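Novice: Sequence:
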Amino acid sequence: MFIVQSYLILKNPEGKEKMLMTYTLGLLTQIADGLSRQFGPDCEVVIHDLKKHDMEHSIVYITNGHITNRQVGDGPSKVVLETLHNKDAASLKDHLGYLTRSANGRILKSSTFYIHNEEGDAIDYILAINFDITGLMTVDRAIKALIDTEPQSDAKKQPDQIVTNVTDLLDSLIEQSVLMIGKPAALMNKEEKVAAIQFLNDAGAFLITKSGDKISKYFGISKFTLYSYIDVNSRKTDN
Numbered sequence: 001m002f003i004v005q006s007y008l009i010l011k012n013p014e015g016k017e018k019m020l021m022t023y024t025l026g027l028l029t030q031i032a033d034g035l036s037r038q039f040g041p042d043c044e045v046v047i048h049d050l051k052k053h054d055m056e057h058s059i060v061y062i063t064n065g066h067i068t069n070r071q072v073g074d075g076p077s078k079v080v081l082e083t084l085h086n087k088d089a090a091s092l093k094d095h096l097g098y099l100t101r102s103a104n105g106r107i108l109k110s111s112t113f114y115i116h117n118e119e120g121d122a123i124d125y126i127l128a129i130n131f132d133i134t135g136l137m138t139v140d141r142a143i144k145a146l147i148d149t150e151p152q153s154d155a156k157k158q159p160d161q162i163v164t165n166v167t168d169l170l171d172s173l174i175e176q177s178v179l180m181i182g183k184p185a186a187l188m189n190k191e192e193k194v195a196a197i198q199f200l201n202d203a204g205a206f207l208i209t210k211s212g213d214k215i216s217k218y219f220g221i222s223k224f225t226l227y228s229y230i231d232v233n234s235r236k237t238d239n
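Numbering (the UniProt record's numbering) for the sequence shown: 1 to 239.
Warning: the hint list may mix true and false statements.
Below, in silico cross-link-like pairs of lysine-lysine (BS3-like), each with a Cα-Cα straight-line distance of 25 Å or less [unchecked claim]:
hint: 1; residue 1: K109; residue 2: K144
hint: 2; residue 1: K223; residue 2: K210
hint: 3; residue 1: K210; residue 2: K52
hint: 4; residue 1: K210; residue 2: K78
hint: 5; residue 1: K78; residue 2: K93
hint: 6; residue 1: K214; residue 2: K193
hint: 7; residue 1: K190; residue 2: K214
hint: 8; residue 1: K217; residue 2: K190
hint: 9; residue 1: K78; residue 2: K51
hint: 10; residue 1: K183; residue 2: K144
hint: 11; residue 1: K193; residue 2: K144
hint: 12; residue 1: K193; residue 2: K223
hint: 13; residue 1: K193; residue 2: K183
hint: 14; residue 1: K78; residue 2: K183
hint: 15; residue 1: K93; residue 2: K51
hint: 16; residue 1: K78; residue 2: K223
hint: 17; residue 1: K87; residue 2: K210
hint: 18; residue 1: K217; residue 2: K193
hint: 19; residue 1: K210; residue 2: K190
hint: 20; residue 1: K78; residue 2: K193
hint: 21; residue 1: K109; residue 2: K93
hint: 22; residue 1: K144; residue 2: K87
Across the chosen pairs, the derived CB separations fall in these ranges [unchecked claim]:
hint: 23; residue 1: G34; residue 2: H95; range: 46 to 54 Å
hint: 24; residue 1: L146; residue 2: V232; range: 48 to 56 Å
hint: 25; residue 1: L92; residue 2: T138; range: 30 to 38 Å
hint: 26; residue 1: Q30; residue 2: A186; range: 26 to 34 Å
No lab work stands behind these hints: they were computed from the structure. Note that the structure is predicted; figures quoted are calculated from it, not measured. Even glycine gets a Cβ: it sits at the ideal position worked out from N, Cα and C.
Make a model of the complete structure from these sequences and hints.
Specialist: And the structure:
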């Protein structure tokens, strides 16, 4: 099918890029279907299209979407925002075997694959695998309870939550910025607010439409002050 389709598209002078996009997306959906069949209903595979620049509806294909309660047309995850915010796409490496969390508290083992364009200087697609390991962790804890001789530390980094839309994603990022500082926004001094906003900027929060309004209101500052804080962080980075 791809060979015939590629031949027809190549007859169009502008068809090469379109051919590559069609072939790549077709190949990724084939891989997604294969992975979900291989590993069963606990394995979600999702494809984000970064090339079409429709960030609020970046998901173009998903299998076993019940795991994170997402579907085609839903918005980006935190990793997608970070990818869009990164100006050096060529340096991005696949992120494998990290923990995330669904909105209903299921623990997922996730991997993210960056699909570069032909030149290697931009990310066209993101293929993400989210495997629900909640049941396996229950078994693991039961076994550890039998064989461990010393108590386990609970001081572990909380996994990122996978959300279904950009509004929830922004709320999650703001919550993470507050946890990072360790106190409510109302009790933060200027330096702490600058640090929190730097975290949000680095996470790509300001790529979300009208995020500046919500963030400035949350931290009790004007939009002018908000952008001055961003500028302070930019100057620090440049230096």
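Novice: Evaluate each hint against the coordinates.
Specialist: Hints, one by one, checked against the model:
{"no.": "1", "hint": "K109 with K144", "result": "holds (19 Å)"}
{"no.": "2", "hint": "K223 with K210", "result": "holds (11 Å)"}
{"no.": "3", "hint": "K210 with K52", "result": "holds (20 Å)"}
{"no.": "4", "hint": "K210 with K78", "result": "holds (17 Å)"}
{"no.": "5", "hint": "K78 with K93", "result": "holds (16 Å)"}
{"no.": "6", "hint": "K214 with K193", "result": "holds (14 Å)"}
{"no.": "7", "hint": "K190 with K214", "result": "holds (18 Å)"}
{"no.": "8", "hint": "K217 with K190", "result": "holds (15 Å)"}
{"no.": "9", "hint": "K78 with K51", "result": "holds (17 Å)"}
{"no.": "10", "hint": "K183 with K144", "result": "violated (34 Å)"}
{"no.": "11", "hint": "K193 with K144", "result": "violated (41 Å)"}
{"no.": "12", "hint": "K193 with K223", "result": "holds (13 Å)"}
{"no.": "13", "hint": "K193 with K183", "result": "holds (10 Å)"}
{"no.": "14", "hint": "K78 with K183", "result": "holds (22 Å)"}
{"no.": "15", "hint": "K93 with K51", "result": "holds (18 Å)"}
{"no.": "16", "hint": "K78 with K223", "result": "holds (23 Å)"}
{"no.": "17", "hint": "K87 with K210", "result": "holds (21 Å)"}
{"no.": "18", "hint": "K217 with K193", "result": "holds (12 Å)"}
{"no.": "19", "hint": "K210 with K190", "result": "holds (23 Å)"}
{"no.": "20", "hint": "K78 with K193", "result": "holds (21 Å)"}
{"no.": "21", "hint": "K109 with K93", "result": "holds (18 Å)"}
{"no.": "22", "hint": "K144 with K87", "result": "violated (43 Å)"}
{"no.": "23", "hint": "G34 with H95: 46 to 54 Å", "result": "violated (21 Å)"}
{"no.": "24", "hint": "L146 with V232: 48 to 56 Å", "result": "holds (53 Å)"}
{"no.": "25", "hint": "L92 with T138: 30 to 38 Å", "result": "holds (34 Å)"}
{"no.": "26", "hint": "Q30 with A186: 26 to 34 Å", "result": "violated (51 Å)"}
Of the numbered hints given earlier, the model fails hints 10, 11, 22, 23, 26; all others are met.
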